[in-house]
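Q: Sequence:
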Amino acid sequence: MTQLEQAESAFAAARPRLFGIAYRMTGSVADAEDLLQEVWLRWQLADRASVVNPEAYLATAITRLAINESQTARARRETYVGPWLPEPVDTAADPQLGAEQGAVLELAVLMLLEKLTPTERAAYVLREAFDYPYREIAEIVQTSEVAARQLVSRARKHLADERRVPVERAEQRRLLEAFVAAAQAGDLAALEKLFAQDVVSYSDSNGAVRAAGRPLFGAAALAKIFAAWAPGFWAGAEVGYVDANGLSAVRLRKDGTTYAVITVTASAEGIDQVMWLVNREKLNAFQ
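Take the sequence shown: its position 77, counting from 1, is numbered 77 in the UniProt record's numbering, and each next residue is one higher.
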């Protein structure tokens, strides 16, 4: 095996994990792929003979690049039109992505991670999704082991403070199906009954299609809005269920093209978030 073939083999073995780190850090498939390409170029140019553990080297490289990318992405999103949601991935087609630990994959969790500093996010992803020891996390994010523990602890606390205990996956699917039936029918009472009182709806369109330009709040208000949308939004839709980031989602197609992917999160109080992905640039996994 030539040196380049050895390099390719080591990179291919690490690739699923590298993509998993980069995607969880950026919330974007395209950005994650760009970071993988950059790491591959660096790996080709590296003094590989001196690298004792290729996977650790590559994980360090992708994480540090992702920390830098997270900082520039925040600036880019200031010009994004309306709410920004992570790009969903099809976890039925790519089960390996969710195979490590799916909890740090749900869209709602990735949205909360956006509120952390890039270094907190990196430490949390490495620990919670990939079970890295704190010593390795410290080396990767260039801090002490004590500081790495604090980063993960702060991130955990933030997520716990911001999020109710989610329902089991089967219950999330049941609530999603009930929501779809009520929304299609424009059934105001049924919609309101499904929602937690402080439910919030996010529509990610980047201005490409008509959608709410800000988050919308409240069970009664959302029930009225969704019931009014029903005739136009659902008309002629081919409705199918898919796996998006480890949870059930509904895919809407018309003329062979996917125009929306919708999912919900729920707690004991009912549906607490509705996420509408209608920016077609983010629907490639479901076309």
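FYI, nobody ran anything at the bench for these hints, they're computed from the structure. There could be a bad hint or two in this list.
[Unchecked claim] Label-pair distances were calculated between CB atoms; the ranges are:
1) R154 - T257: 40 to 48 Å
2) E238 - D94: 32 to 40 Å
3) F217 - H158: 17 to 25 Å
4) T143 - A92: 33 to 41 Å
5) A185 - Q71: 40 to 48 Å
6) A268 - Q37: 39 to 47 Å
7) A221 - Q44: 50 to 58 Å
8) A185 - R77: 33 to 41 Å
9) E145 - G207: 39 to 47 Å
10) K224 - E177: 18 to 26 Å
11) N68 - R253: 32 to 40 Å
12) D34 - Q6: 20 to 28 Å
13) R253 - A56: 38 to 46 Å
14) A268 - G207: 31 to 39 Å
Backbone N, C-alpha and C define an ideal beta-carbon position, used for all residues, glycine too.
Q: Next, verify each hint and record whether it holds.
A: Hint-by-hint comparison with the structure:
no., hint, verdict
1, R154 - T257: 40 to 48 Å, "holds (42 Å)"
2, E238 - D94: 32 to 40 Å, "violated (23 Å)"
3, F217 - H158: 17 to 25 Å, "holds (21 Å)"
4, T143 - A92: 33 to 41 Å, "holds (37 Å)"
5, A185 - Q71: 40 to 48 Å, "holds (45 Å)"
6, A268 - Q37: 39 to 47 Å, "holds (44 Å)"
7, A221 - Q44: 50 to 58 Å, "holds (55 Å)"
8, A185 - R77: 33 to 41 Å, "holds (35 Å)"
9, E145 - G207: 39 to 47 Å, "holds (45 Å)"
10, K224 - E177: 18 to 26 Å, "holds (22 Å)"
11, N68 - R253: 32 to 40 Å, "holds (37 Å)"
12, D34 - Q6: 20 to 28 Å, "holds (25 Å)"
13, R253 - A56: 38 to 46 Å, "holds (43 Å)"
14, A268 - G207: 31 to 39 Å, "holds (36 Å)"
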